[in-house]
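Undergrad: Here is how the chains run, residue by residue.
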Amino acid sequence: MDILITGLILGGTYALIAMGLNLQYGVSRIMNLANGEMLVIGGFTAFALYTAGQVSPLLTIFIVAPVAYVLNWLVYRIMLRPLVKRAKSRGMLEQDAILTTFGLSFVMVGLMLWAFGGDYFSYSYLARPVVIFGDNFGLNRVVAFGCAALLCAGLYLWLNVSRAGMAIRAVAVSPENARLVGIDVPKLSARAFALGGAVTAVGGAVISTFLTLDASTGVMFTMKALIIVIMGGVGDVRGTILAALVLGLGETLVATFIDPGLTLAAAYALFIAILLFRPQGFFGRKPT
Amino acid sequence: MKRRTFFKATTLLAASLVAGAAMAADPIIVGAVAPKTGPLAGGAAVTHWPNIALWVKEVNERGGLTVGGEQRMLEVIEYDDQTNPAETIKAVQRLATQDDADIILAPYSTGLNLAAAPIFDRLGFPQITSSAATDQIGELSAQFNDMFFLLGRSSDLAEDAVEVLAELREAGEIGNRVAMVNVADAFGIELAAVGKPALEAAGFELVYETSYPLGTPDLSPIMKAAKAAEPDAFVAWSYPPDTFGLTEQAMIEELNVKAFYTAVATAFPAYGGRFGAAAEGVMGIGGVNTASPAFQDYAARLEAATGSKPDYWASGMMYASLQILEEAIETTGTLDMAEVTQFIKDNSFETVMGTIDFDDENNNTAYWTVGQWQGGEFKGIKETGREGAVAPILKTGWE
Amino acid sequence: MKRGDLSNLAWGAALLVLAALLPLTGDGYLISLGVTIAMYTVLATSWALFSGPTHYISLATAAFFGVGTYVTGAGIDHLPYWTLLPIAAVVGGVLAALVGLATLRLSGVYFVIFTLGLAEMTRQVVTWYQNKTGHKGTYVLTDLTDNDIYWQLVALAGLVFLIGWAVGRSRLGFALRIIGDDEDVARHVGINTALSKVALFIVSGAVAAVVGAIIAPRYVYIEPSTAFTPMLSFQVVIMALLGGTGRLWGPLVGVIPFTLLWEAISSSFPNQTTLLLGLSFLAIVYLLPGGFVGLWDRVKHRSARRRALA
Amino acid sequence: MTAVVKLSGATKQFGGLVAVDNVSFEVQEHQVLGLIGPNGSGKSTTLNLISGALPVTDGDIALRGREITGLPAREIARKGVARTFQLVRLLPSMNVVENVMAGAVFGHRRRWGASAERHAKHVLETVGIADKARSHVSQLTYIDTKRVELARALAGEPEVLLLDEWLAGLNPTELTEGIDLIHRLRDEGRTIILVEHVMDAIRSLCDACVVMSSGKKIAEGSTEAVLSDPEVIRAYLGDDDA
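Chain order of the listed sequences is V, Y, P and L. All residue numbers for the first sequence refer to this note's numbering, where the first residue is 1 and numbers rise by one. All residue numbers for the second sequence refer to this note's numbering, where the first residue is 1001 and numbers rise by one. All residue numbers for the third sequence refer to this note's numbering, where the first residue is 2001 and numbers rise by one. All residue numbers for the fourth sequence refer to this note's numbering, where the first residue is 3001 and numbers rise by one.
The shape of chain V in the complex, shown without the other chains (with noise of 0.2 Å):
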């Protein structure tokens, strides 16, 4: 029982670490390789305000979202669209977008480091037991999993409820056909870019209260998350909450059950098995 929670608290964090990728990605079309570094700047700012107010990162993910929205939905506008604008095929903007995101992810990077400098931002919030059928857990972990659950709740019933949403997945399924129903593209595309980068600050501000961050460590970040959303299937939510549980239970499986030492190989193994019985993913659709 004790491991399927733990398991499920995992794979909570690693759907907050996914999550806003899958919309980057999935409707998009943006492999976002500086993902981990928005993680990380959401992780910051709820750290500084937190040493520096005692503001309670839980509150913190109310200034990070909008800021976090409107500085995505720039990135997407002034960066990324000239790529799908030129791009003459999928594969042109992929690789496109890896150099760009890549340069990006430097960038920021390099501005948190003159802004901030290197040090390990650490802080404790609620690090306190917990007690679930007669097991400890912790406090951060299980309020993380919970803003998770919320969060992967809300967007799933955004997209197939909302207006908004559906078109936003139309977008998802085949932009030619969504252009031809009369939904405008380019500016679903940037919202839900700038939604994405939204949602993974908010994860990062939640993870910072039990994870040590630095300015270096999003790429970490961002491979967890690219692995979870191929995992799960491009652009559909419910694969990556079902990949992020699969992993985080897989992990303490056999961190309990095995050896430690072998969770994160435990977790490509998993990914590449995965990948090799369903080159789609759990709910992707075929790659084209």
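Among the hints, erroneous ones may be present.
[Said to hold, decoys possible] According to the in silico footprint, chain V covers these stretches of chain P (three or more CB under 8 Å from chain V):
| id | region |
| --- | --- |
| 1 | 2113-2124 |
| 2 | 2234-2246 |
| 3 | 2271-2278 |
| 4 | 2285-2292 |
Simulated from the structure, these hints should not be mistaken for lab results. The C-beta atom is built at its ideal place from N, Cα and C for all residues, glycine as well.
Chain V is fixed; fit chains Y, P and L onto it per the hints.
TA: Below, chains Y, P and L without anything else, positioned relative to chain V:
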């Protein structure tokens, strides 16, 4: 080189405000290479860079280093090696040949120092490492004559931690059951490889033992399993992110052992800052004599000058390495590095960490191995010849 | 063999000899730059041998490179150095073959992420194994200088160019171009697409492993974080794409300016290195689509048109 | 005499949908067989089964009496089945002669180097665009792209040629040229299976026809007989017009 003139202009401007007399002499060019980005940037930002800033500031405020009867200002050229040994090598080369550096400071971390060792050796520059812990000191100093080691042998660091536990056990304070974990990365593996046989040789019962990869996001399965094994002592050969993570998990799991040890970064001020009173009684790698006026004075100056607090392990050693270099240069009165190196080998030095004297293998044999958080400071409790060790206390819960 | 081929070979050999003369300058700084350039030339060119025609972006370079450094790290105390290079090649090649057979049916971004995961997984397995066996640090203490390492890399570069040149003229090279254009067509004209791709993937994997094995003595102390650094994979891709993968010499013209730019930025702006690298990187993507080869082709195309008009 | 291609009970299911349902027919040496039927009747899928683009769910396919069922496309190509695609697929980074060489180098009969190039040029002459050998494929007219693709298929000297709506989309002049071209191939004695909608072409080119509707074979026989079969007409035009 445009940059050089720019640097020169700014340092000279700053210098002239403090000591106008120094204008006459050419500055001494000090080269510094260490991570500002990459995985080790966080550690270097605590332990390495602030010391260089402090040293240069203080020396220049004094009017510079006296070389050959002439006071010369220091001019630093800093390079970021991105935690990449290839960049370290390139940057040291660049300092030596393009920037004509008079002094090159040792890089940061075991790996980067060793990558740079062949060039320092070829250049004939002394490389006083303050953040390299290795067991190959004999072989290394035989191959690289100019390489000095301040931080000691990794085996001592691990063995002494075990010794502290053994002493607590002999005193009847703790039982015989030890849970040991380690991060599966270079230094963590090395420490565990020494620590495990040491624990066994000391007659401890290893009730739980495992490793975990660097960057494990959730350490709770490990802590749960460790707790389930009901240990009397918990030992983790850990690295910065997981040192924090393991401590937090121990609090959450209410792992109430009487001896709790985490390795690298326990001595960081950020550790005490994050865990506050809960850190009381936590043991870790390193330590200093916090009661020594020299260290207290150094800590105060560092914070005043750079805004950052020293860590209680390698920071002081880093500053000591600069003091040694300074004394060697000023006493010999030359920038001839062969002479400076020989002076370092032949003499002993008074530093913020106490007297330092290198042995035949260029090793500083007296260093701190284990420290413990006591009353908001990380005090040295075990050493290989330092004064001021305090007695260890037992960990009493996490409140 | 045509006359043009002969002259190309002669030019290549001449340039190689010229490159090999660099250590004679005795300038340690130039040589350390040379090592960087030679290393990335080998890695990017061998990367492009596979990824250029097939358009499969592989981020597995670090996996092979890391395995190579560990071959040297583990073997240096037991075997003569020279035997370690072929061993590294075999180990890298076998790893590439296994990975290739398993994954080359993945397409596009799936392959990209897979290879990224592979590098991490290899790293995890290597550290796990070291931990199991109670390893006490991997030291590679040799008498090899930067000059020796440089010459080895230049020789390897020569070999890679020769392989690339031979592949380009072979059925295999033609098959890969067809695969890159349209894999379905390739299958239907009778090409064993999987085998062709794996063959080239093995070449690039083996070469990267040998590079790792050659570089290991330079690092002295082998750590997983530096041996398997994901940055290496990204840099190789970026340099190759900056040069352009359409031609054998493409990656080379990417590696040289990129290394020099990198060097200029890190030496002139040590505190803003990362920021400025990122910015110049973006500038390259926006101003030089298709890399230098693309630029070259456009210029050639334009002048050809002008000539046609005149 | 064994048939060049023989299908026995070939079946292809996509999930619940049976696209090709238990279809059997044979093609003899030097025969041109038309595979006809309304849209969505499974003709192109049948062609894909023969070429190995899709694996069969059930049934057997043989080439000159040797089983090719379940073989990958490249093996089938090497054994002597060459095809064109419904939507022309040329190799965009290559010029015309290189496109054709792709077939000559890797097809049924393999050539390399100068010999492959000579052969490719020869085939280009056959299809009537030898003068454009060095052109880039992006500069070609529509019918010329079709010619190149046909030449690529021919270059491997296949046992049987599969043409998937090769004449579709051509304007009237081009159509005449196209039909003439295939006529020449037929006169050379090649074995061809063509999926086609253009009735004139079917009448003038095909020795025999197989008619499919909703995945099933509904008629088979000489072109004339098949085209006058009331059931075929009904399948094509719907019940109202019959």
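Undergrad: Now tell me if each hint is right for this structure.
TA: Structure-based check of all given hints:
1. 2113-2124: Per the Cβ count (8), the hint holds.
2. 2234-2246: Since three or more residues must qualify, the claim that chain V covers the region 2234-2246 of chain P holds, with 4 doing so at under 8 Å.
3. 2271-2278: With 8 residues close enough to chain V, the hint holds.
4. 2285-2292: holds (count 3)
Checked against the numbered hints above, the structure violates none of them.
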